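Given the structure of chain X, go ahead and fit chain C onto it with the hints provided.
Chains as they are written, first to last, in the working numbering: chain X, 1 to 229; chain C, 1 to 229.
Simulated from the structure, these hints should not be mistaken for laboratory data. Predicted, not measured: the structure shown is a model, and the values here were computed from it.
Pairs involving identical chains hold if they fit within one copy or between any two copies, as the list cannot separate such chains.
Derived SDA-like pairs: lysine to any residue, alpha-carbon spacing no greater than 25 Å straight-line: (1) LYS165 <-> PHE220; (2) LYS2 <-> VAL117; (3) LYS61 <-> LEU95; (4) LYS2 <-> ARG110; (5) LYS61 <-> GLY116; (6) LYS165 <-> VAL117; (7) LYS2 <-> ARG51; (8) LYS86 <-> PHE29; (9) LYS175 <-> ASN114.
Protein chains: 2
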Amino acid sequence: MKSIIPNALTALNLILGMGAIIATFNGDFYQAALFIIAAMISDGLDGRVARYLNASSEFGKELDSLCDLVSFGVAPAILAYVFLLKDLPGVSGYLIAAFFATCGALRLARFNVNTGVVKGYFMGLPIPAAGCVLSTFIMLGIKPPSFIFSIIVIISAYLMVSTIKYPDFKGQGEKIRMIPVGITIVISAYILFMLTFSISTMLFVPFFAYALFGILNTVFGLFDSKPIT
Amino acid sequence: MKSIIPNALTALNLILGMGAIIATFNGDFYQAALFIIAAMISDGLDGRVARYLNASSEFGKELDSLCDLVSFGVAPAILAYVFLLKDLPGVSGYLIAAFFATCGALRLARFNVNTGVVKGYFMGLPIPAAGCVLSTFIMLGIKPPSFIFSIIVIISAYLMVSTIKYPDFKGQGEKIRMIPVGITIVISAYILFMLTFSISTMLFVPFFAYALFGILNTVFGLFDSKPIT
Chain X
1 MKSIIPNALT ALNLILGMGA IIATFNGDFY QAALFIIAAM ISDGLDGRVA RYLNASSEFG
61 KELDSLCDLV SFGVAPAILA YVFLLKDLPG VSGYLIAAFF ATCGALRLAR FNVNTGVVKG
121 YFMGLPIPAA GCVLSTFIML GIKPPSFIFS IIVIISAYLM VSTIKYPDFK GQGEKIRMIP
181 VGITIVISAY ILFMLTFSIS TMLFVPFFAY ALFGILNTVF GLFDSKPIT
Chain C
1 MKSIIPNALT ALNLILGMGA IIATFNGDFY QAALFIIAAM ISDGLDGRVA RYLNASSEFG
61 KELDSLCDLV SFGVAPAILA YVFLLKDLPG VSGYLIAAFF ATCGALRLAR FNVNTGVVKG
121 YFMGLPIPAA GCVLSTFIML GIKPPSFIFS IIVIISAYLM VSTIKYPDFK GQGEKIRMIP
181 VGITIVISAY ILFMLTFSIS TMLFVPFFAY ALFGILNTVF GLFDSKPIT
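Next up, chain X with everything else stripped away, as it sits in the complex (with noise of 0.2 Å):
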């Protein structure tokens, strides 16, 4: 029975997605953002407060990856649409977000089958990370030429299906090279140096660079000398 409350907050999640994709119907761009970010606070709690409890289901697993489709894929990606996308010319805009959501489904599918396999690290972006990337972005106010936006979109979206390995925080894992880091923080300085002060910039930037220093850090374990067989 315990099992209720961090259900109750993965249902949360569930319907404050929901929340995004009627803002974004109700043309509330920032809104919508907003109702993803929290889905995201209440994501990153719904699986600490089953392990508190010790209340971690099989049940529990399935409804977050569920409801982890809608808020981080389907939502950003209506909400892309909505803002940008709609202008490309024909149906690509509603393609473009279709491959966004669809990409989001895969990437959980793969995640729940491959639990056993992968550990230490992400493979590929987190479906969250990537919904964030792009509703943070929108959340900055800037209207990019709608090409370019497409061009964000099918990045994190790519990047989600990926096999690049991405920092879980939790120690061990995927190797951190210090090059990629510093480049990432420069970069990323350089954004907020740029934009104007504001609490969407401080959202979008850490999202930005997360997503940033996993291509860095692949790219540059190419280079790492490897001992000859």
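For chain C alone, kept in the frame of chain X given last:
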């Protein structure tokens, strides 16, 4: 590699579900409902193709649930919201739409955990049927008072998480009683007679009849003579 075909059909289910949400945005409710029905056809095919190709996989099952939530939980809930629920006072329309999606997620999580226990029937109205009851109702073009419509949404949502047994059309399983079958046929025939004859009517009545039959079959089951112990 042959699992690509069924998984592509599952992804198509999600892409069509996203199409339904976007059509709802554009105010084309009829097209949105058609997208949901097309998603149901795609969803019906993927499992069959996977079994035929002997390519059923854990990954495919996870992906299937994820896509079902979007196409038959979220898309019909958003469609119902924009169609009529938004006219309800305050945030009640939003909460009813979120309730429908949440019941859908709970139904899918329970289904995945119970696959070994529940055999020969469905426990609770399957989510594609619940989503299609709402979608095909909206296709009819009838606008009931939003209060009445909200009751239809709440009942459809509740039926998903109920323990009412629904036939799975593979024989055996739950006993099918003749009196409920008769009542369902009479009521369905009456509705067919009352509504204008159209494709929408031909689509709505079978889903309505299926949802109704489960309720009647359960109610009549309560009167079954039980052996005295």
